[in-house]
Structures are given as structure tokens and as C-alpha cells.
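Chain H is already provided as a structure; the job is to place chain F on it using the hints.
Same order as they appear, the protein sequences are chains H and F.
For reference, each letter of the first sequence is one residue, going 1 to 394 in our numbering.
For reference, each letter of the second sequence is one residue, going 1001 to 1394 in our numbering.
It is worth saying that the hints were derived from the structure and are not from the lab.
These numbers come from a predicted model, not from an experiment.
Hints may be right or wrong, so weigh each one.
[Stated by the list, open to error] Some, not all, of what chain F presents toward chain H, calculated at C-beta under 7 Å: (1) F1115; (2) G1116; (3) D1144; (4) S1146; (5) L1153; (6) L1156; (7) A1158; (8) Q1178; (9) G1181.
[To be verified] Not close to chain F: a few residues of chain H, all C-beta gaps over 10 Å, as computed: (10) D86; (11) E136; (12) V236; (13) V248; (14) S310; (15) V314; (16) V364.
Every residue, glycine too, gets a C-beta built ideally from N, C-alpha and C.
There are 2 protein chains.
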Amino acid sequence: MTVPKRCKQERARPFKNTVAARTHKRQQWNYTRVIPVSSSRDLISARFSHDTPVWTCKKACKTAVMHVTALAGGVGGARFLRGLLDHLATRPGFTDDPDSQVTIIGNTGDDITLFGLRVCPDLDTILYTLGGGIHEGQGWGRADESFAVQGELAALGAQPQWFGLGDKDFATHIARSQWLGQGRTLSDVTAALATRWGLPEQRVRLLPMTDQPVETHVVLDDADGTRAVHFQEWWVRMGAAVPATRFVVAGMDRATPAPGVLDALRTADIVLLPPSNPVVSIGVILSVPGIRDALRGTLAPVVGVSPIVSGRPVRGHADACLAALGMPAEAMSVASLYADFMRGWLVDPADAPAESEIPAGLVVRSRPLLMTDRAAAAAIAGAAVELALELRRT
Amino acid sequence: MTVPKRCKQERARPFKNTVAARTHKRQQWNYTRVIPVSSSRDLISARFSHDTPVWTCKKACKTAVMHVTALAGGVGGARFLRGLLDHLATRPGFTDDPDSQVTIIGNTGDDITLFGLRVCPDLDTILYTLGGGIHEGQGWGRADESFAVQGELAALGAQPQWFGLGDKDFATHIARSQWLGQGRTLSDVTAALATRWGLPEQRVRLLPMTDQPVETHVVLDDADGTRAVHFQEWWVRMGAAVPATRFVVAGMDRATPAPGVLDALRTADIVLLPPSNPVVSIGVILSVPGIRDALRGTLAPVVGVSPIVSGRPVRGHADACLAALGMPAEAMSVASLYADFMRGWLVDPADAPAESEIPAGLVVRSRPLLMTDRAAAAAIAGAAVELALELRRT
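If we strip away everything but chain H, and leave its shape as in the complex, we get:
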């Protein structure tokens, strides 16, 4: 099926509050070549409007999704994204269109150097999950993994031993470190790894949020005094049991969005926020200078999926992270973190807010949000896509 696309020429033009008819040349698509602006509605609200060409197709545009951009952390984000791909595969338009693409902007604040090797846990979890190599049970690391390297490193007294790395996983970090050492950027290295996992064939592009090395550190203040530890040490070794005072992302002052990140937000049809940790995953991505602005400015509707179900994080220690911000682990608290750019919010029925609790400009939908299996994840992703499309039409 051939589906109309938005005119790139038009999309590249800054939004202008005029109602002048515009003419677009389309060389290969079988739909109206001369595109009148059908309504002025999308022209009077810069914040939430879309480029006009979308509206010129009277049928397919209602359901066509060509460019999806998502921000993502680790396990929850990866499972949601796999569900998203499963869902998009069922939609006319996405799989048929050679220009369609899902762009994932991955968190790199969790990155850590272990045994001299650069480990990017969130990027790897996404790669392994979408590429079919993930350990399904634990949600991270490789399936059918062995641990000869880590065992030998332990025999050598190499530290730390609290971060489990399998042999196949080690190969990823070895290759990444080698390539980074050759002067390649993290974007470039991530693209190479994505090729091994078949992401381009799935029309998926995985971008690190930034090419600069950044690392989230956690400030603790307990009987041992005030100190900062690497996020992974707090998360993995301490199980986030020591209360975090705040989070500091080392290197963020020098960070810029990786190539393609801002464009992916600006030119997306829809932007999704998977149920990733709102503080140390999505929050860290948002703190890369320029990314939050791009989300505020994009014409695409931004729809998020709550990582909080029944007042608890579905996975991980998001509650401990929110506590550091002085916020309760509640779906609507998380939504408030995205208030300046998010238009749609999926919550679990258990967390459905009263009408009075819903801020102006935000559409909240409730549906079961537990990603109990791959089909459930696809259904949740589908609901997010539907909500975004609905917001795109309004």
C-alpha cells in the first residue's frame, strides 16, 4: 500500500501563521499534488500544531505513522519499543513505506567504564531486546550467556564484581571500546552495533542522547557521610536502598545532543515516552541541553506511558528516584515532570486521576499498563500511538 508522506520541503520550513495555500511537488506519490491548507486550526497554535501537508490527505493520514521518535531507558523502554515495532508491523503504512522509521533516543547516563571497557547498559538492552538476543527472564544481558571472562577476572582480583557481565556481553563492550578508542563517536559505534542486531532492517535507528561521555552520579547522605557514587553502584550494588539526595550527571555541562537527535524530535510524526524511569532515564535525556527545547517546540504530539502502576514502579527503583526529587511515586507526579511538552498520558486504571487532577492541555487515558508479555507491550504501544494520532488530528 502506498501511503502519502509529509512533504519534506514543507516540513523543513518554519511554521508560519499564514493561511496562504502552498503548492507541493510530489514526484512519486499518488495523491493530490496541489495541496490547499484545509483548515487554519493547525496554523494558530504553534505549540501543538503540525505541518500542513499532513492534513491534505483525507484518508490515509489518519492512520499513517511514518516517523516515530521515542526516548528510552533500559528494560521497560526496550520492552515497550519491541511492542511498538510489533504494533507498527500491523499498521498499514509503516512497514510498506521505505521512508518510515522509528528513532530511539537512548539514555547514556547509566554508562559506566568497567574493567577499562565502556558499558552502555540502556543502549545494549535496547539492542539485545529489539535484535532478539535479550535474556527474557532478567530483561537485560544476553540469552544463553556464559561467564568465563568474569570468573577469570574475579580470579585476577579485578574489580568491581558486583556488575554481572556475560561473555557475549563482554564482546559488545570490547568492540565498543575498541571503536571508541579509534576515535569513532558513540553514535557511529552504536550504529555499527545496531547493524549486527538487524535494527536497520526493522527501520529502527538507535541514537545515543549524546556522543559526549556522561555519567549519572548519586549523592548520598547517610551514616557514612555525604558522598557521590556512580548510578550503577547505587542501583545495582546498593539496590537503591540508601536514599538518594540528588542526582548529578557528570559531563552534562559539555554534552550536546548526538547528531540526528534534535531533527528526530523536530520532524517526528509522533513522539513517545515509554514507561522508562522518569528521573534517571527520561529525566537525564531531557537534561541534555537542547532536547527539552526540541520537545517543547516539536509539532508532533508527545505521548507518554506511565512507569508507575498502582502507585509503584513496574520495575526498578523509580520510587527511590522520585523521592530524591521530593515527589511521590504517582502517575500524575511523573506527568508533571513532562508538563511543558507532553500532550497525552497513558495511565493504568489503578492510577486514573480525578478529572480535577488533570492539567489543562493534557489528555489522560487509562488502560492496563502491565507489560506481562510481548502482546501486552504491543497493545500498550498501540494505545500510545492511537492517542498520539488522535492528538495529531485535533
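Just chain F, lined up with the frame of chain H:
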């Protein structure tokens, strides 16, 4: 058994051609405290003489071996050294004396950076062999090895794939690279690895010939033109089938002997040259500025074991290496490479030279030199030690 030791104070003094009696204080050893110089024989030939205190013990000194220093390459050297330890364990004096030690000066010219990790094949072969972790069949690499990392690196398209690295082996290179990256020296790193393999408990000290990174490159001149490749590429990938024009050790101009190397040669009781490759193993060690001078100057007898048996290298491509020097693969040709410092030479009966072929000042002994098993290696090492002790007494 308590065995007399050479007086450290005396050994540290430069050799002087006087016959003055010297007095030594010994606190704990049950032998003559006042040591007269018993003979002037050892005082008139600086080149091959010993410090005098050795001669003052009339009995034990004839067989006691406290400090052995050996230069070594990879598989052949490692097997010889394991035999040496087996042999020394049977000798009174060595295992009983807390000061006894075997110092191995290992070749690092074979070192190579693969996948961004620093690999030291000769040092590792020695560590694994002496530590009981070697793959006996192939002589290098770890026993009971798996290859998950290399397999995954292949899937990632990482190069090269012609150098086989197992998972446990990878751990060694990961730890080494991490520690080197932390600013530790190769000596320090090697000592840490040696601890994992129990070398200190065996009274073995493994020193890299130099802490500076050096790499042997092979100049080739064939139909593809004149070019240089890393030694490992020539040796492993090409099987040394392309004739080498010459060898160039990159980095040697900046290399200095690692800490302890020159002292180990100067203060040794005996110095051994295992049947390692005379060109790219022993020859490269000798090319580190200062090492050859130390061998020329040491008072310890230097005894070598021929790596050539029946006119062929026992293992590897020593013939191809000797050819690059314009030399035949003959035991006495190899001896000529060490002519300026070697006093004893063990050859196989098949390679026994005519009396007229033996240079003045060199004692040649023939005995079977095939290290068919561990016991054979111990017997060969024992023969080398015996020859050295004999030369030490003359």
C-alpha cells in the same frame, strides 16, 4: 637443609683484581664467617669469574643454585622453564632457601593490541604454563577454554579474526589493558598476573624485558611489494610462509630494560637461555639496550639450549627467522648469535659439532633435546644447570 648464600654486600661490590682477604659477617648461616679468598683464579678473568664468596664454601656451593635468570620466548621457553622448576625442586638448596629465585626475562616483542586489548603472548604462555592453566596440547592459551567472546566479536565484524583468543584468555588481556590504562607499568601488571598464577610461591619472578611498548614487525618483499606486517600476522596468519627480509622492532629505540632485569643478570648464579626462537624471542630480548651488555658483563656462566634439533626447529618457524639473517637452521649457527657472552651450549646428538667447529671458550654438550614430556624437559633443564655449575667452578 641450610645452604650457604653468597654475601649480598660482596656481590654488590664491583669486581676487583686483588687477592686481599675479605671478612663477611653472616648472622644466620652455619658456615665459616671469615672468608678468605681461596684462589686467585677467579680474580684474573673478569669475564667469566664469580664473586669470591661463592668459593669459600667448600661443599654446598658446588651444587647450590640460588639465583637463576633465564631469557624466554613462548611455548618452548615456557616448557623448558617448567622443567627447570621441576628440576630445581629436586635439588637441595633451591626450595629450602627463602632467598632462592628464578627470574624470567620475557620477550614482549610479540605483543600486539587486538580489539583494543594489549596481548602479551609470550608472557601469558609462561604464566599459564608455570601456573598450571596452559592448554597442553597446543602449548599456548588456556585449558578448557570457551570462545563466546571471539564468536560474538566475529558477529560484530570486529577484526582481526585470525588470532584465536579464548574467553579466559580475554580476561587476562582485559585486566592487563585496564591496569595499563590506569598508568601501571607492564612490570607491575605482569607481577599482578603472576600472583594469580602462584609464581611467587614457586619463587619465580617474571619480568617483561621492557616496560615500553615494543612490537616486532616483519619486512616482506614479494609479489605484493615491500611491506611490513606485525610479527603475529606473519607468524600466525601467514604461517611465516612469506620469506622475511628482516625484522624491525618498533619502539626499541625508546626501550629500556624493565626494573630488575639488569640486576637479575648481574647478580645471577647462572643464566640460562631456553630453546626459544633465537631471532624473534631471545634475539629481541638481546636488542633491548643494556641487556646484551649485562650478559657480557655478568659473572654468572651463560648456558643455552639449542632450539634446533636435527637441523630443524623443534617448534615454530625459527628456520624462517634465521633465513632472514642469512643463516642456516643449525645449532652452531644459533650459538654464534650468542658468541659474545655464552659459555655453554647444549645440542642434540643429531647436531653435535665436530671439535673444530666449536669456538674457543664455548663448552658444547650433546644430549637428547626433544621435550617430549615434562620429565624430559626437566632432564634437559637439569643438564643445562649442571653445565652451568660446572662452568661456574672452572
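Now for the hints, and whether the structure bears them out:
1. Satisfaction of the interface hint for F1115 (chain F) is found here, the shortest Cβ-Cβ separation to chain H being roughly 5 Å, below the 7 Å cut-off.
2. Because the closest C-beta pair between G1116 (chain F) and chain H is about 3 Å apart, less than 7 Å, the hint holds.
3. Because the closest C-beta pair between D1144 (chain F) and chain H is about 9 Å apart, greater than 7 Å, the hint is violated.
4. Given hint, S1146 (chain F) at the interface with chain H, holds; its Cβ is 5 Å from that chain's nearest Cβ, closer than 7 Å.
5. For L1153 (chain F), the suggested interface contact is upheld, since its CB lies about 5 Å from the closest CB of chain H, less than 7 Å.
6. The beta carbon of L1156 (chain F) comes within 5 Å of a beta carbon in chain H, closer than 7 Å, and the hint placing it at the interface holds.
7. Because the closest C-beta pair between A1158 (chain F) and chain H is about 5 Å apart, less than 7 Å, the hint holds.
8. Taking 7 Å as the C-beta contact cut-off toward chain H, the hint placing Q1178 (chain F) at the interface holds, the least distance being around 3 Å.
9. Of the supplied interface hints, the one on G1181 (chain F) holds, with its beta-carbon coming within about 5 Å of a beta-carbon of chain H, less than 7 Å.
10. Distance to chain F confirms D86 (chain H) as a non-interface residue, since its nearest Cβ pair spans about 24 Å, more than 10 Å.
11. Non-interface status of E136 (chain H) relative to chain F is upheld: no Cβ of that chain comes within 10 Å, the nearest being about 18 Å off.
12. With 10 Å as the threshold on Cβ separation, the claim that V236 (chain H) sits away from chain F holds: the shortest Cβ distance comes to roughly 19 Å.
13. Under the 10 Å C-beta cut-off, the non-interface status given to V248 (chain H) relative to chain F holds; the minimum distance is some 24 Å.
14. Distance to chain F confirms S310 (chain H) as a non-interface residue, since its nearest Cβ pair spans about 39 Å, more than 10 Å.
15. The beta carbon of V314 (chain H) sits about 30 Å from the closest Cβ of chain F, which is more than 10 Å, so the claim that it is off the interface holds.
16. Once the 10 Å rule is applied to beta carbons, V364 (chain H) is consistent with being away from chain F; the minimum gap is 43 Å.
Hint check: a violation occurs at hint 3 only; the rest are consistent with the structure.
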